[in-house]
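Those sequence lines, one after another, are chains A and B. Adding 961 to a residue's 1-based position in the first sequence gives its number in my numbering. Adding 358 to a residue's 1-based position in the second sequence gives its number in my numbering.
Treat the hints as calculated values from the structure; they're not laboratory data. Quick reminder that beta carbons are idealized off the backbone N, C-alpha and C, glycines included.
Derived contacts from chain A toward chain B, CB cut-off under 10 Å, selection only:
| hint | residue |
| --- | --- |
| 1 | Lys1002 |
| 2 | Gly1003 |
| 3 | Tyr1009 |
| 4 | Gln1017 |
| 5 | Gly1019 |
| 6 | Ala1053 |
| 7 | Asp1057 |
| 8 | Tyr1063 |
| 9 | Thr1064 |
| 10 | Gly1066 |
| 11 | Arg1070 |
Single-letter residue listing:
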Amino acid sequence: GGIITQTPKFLIGQEGQKLTLKCQQNFNHDTMYWYRQDSGKGLRLIYYSITENDLQKGDLSEGYDASREKKSSFSLTVTSAQKNEMAVFLCASSMDSGGSDYTFGSGTRLLVI
Amino acid sequence: TQTVSQSDAHVTVFEGDSVELRCNYSYGGSIYLSWYIQHHGRGLQFLLKYYSGNPVVQGVNGFKAEFSKSDSSFHLRKASVHWSDSAVYFCAVSANYNQGKLIFGQGTKLSIKP
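Excised from the complex, chain B in its bound form (with noise of 0.2 Å):
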């Protein structure tokens, strides 16, 4: 069974910060760990995802994850946000041998102050 943990409803900093957006899994074998972004009143955007090779993941915006088997985390990072990377956050985990369905966490809502 596949589940996806996002421990932090709501998250809010200041313009110009650095943010970590927390996500842990659980997993019976190979995955695919993906972050996905929701503007206000919008669908979801993909953002980036990890299956193999160098842990660090490069996405778009400056945005990255670092995925970690010990912590069984997959965790966003940006160095310095920006007043539009206001939105909600949701990780997801996805298996080939589940023909690939994205199961979600419960999403992160990342607000900026000015």
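Okay, chain A solo, but in the shape it has when bound (with noise of 0.2 Å):
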């Protein structure tokens, strides 16, 4: 079986430090997705990416960076971390873009103090 891995865990970073979260997935799926999920808010797309170097916006794109060098890779960048700011973020891959299942990761922990 496969697995999709989110690095780091946890992050602390101060307000306006550009932060990096990594995923990686070993499926050999063509689309990724990064999430940000806030207490009572359900989850919310960032970005997405439909293939290596393919790169979508999804609603809450501003103040976000992605980037997909690799098929097995998606990386997410805070541009600028606004103070007192916590989140989780969930990336995903699914095999394609036609509505075929989500596998998603367990999560990045965003603390910004």
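Mind docking these for me? Both chains are given alone in their own frames, and the hints should help you get the complex.
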């Protein structure tokens, strides 16, 4: 079986800092996603990528950059961390962009002090 | 525009009780409807999905969901819950024409009393 790994599991940053979150999958899935999860707000899509070197903005892309240099990896950068920000960032992959099931990583928990 | 609404933020039942977690959606074409479960501190796990055919979909661990076009609903049910079913449940919608992006509801936290 495959696995999707997010690093780091916990990330503490300072206000204004640029922070990078990484996601790796070995399913050979084409499509990868980054979601932000805030308490009581469900999941909101930040960026997604349907193939290597492709990037598509989601509803919450402002303040973030993403990179898909390899099919197996998808990184997310918080361009300027906001003070007191606290959220969980979830990476997911799916076989294609045609409604296939998602496989999620276990998340990166961000706290900005 | 696709939207998903889960009207109950929190549901509490006793172990062995039946439970229904509600999901309503709006959409503009052919869609997939799915349910995901998130245990505390973990990522989401796929439970089940509907696209076409039999409106009742069986998932893992005794969960099932029923699609209703007339009610625009896709409610999740389980006949007898176990304490390990305590988790947050997310309903989601996606569509081929929208590159398969999942749009999630706000989630329903299911708590099981012993």
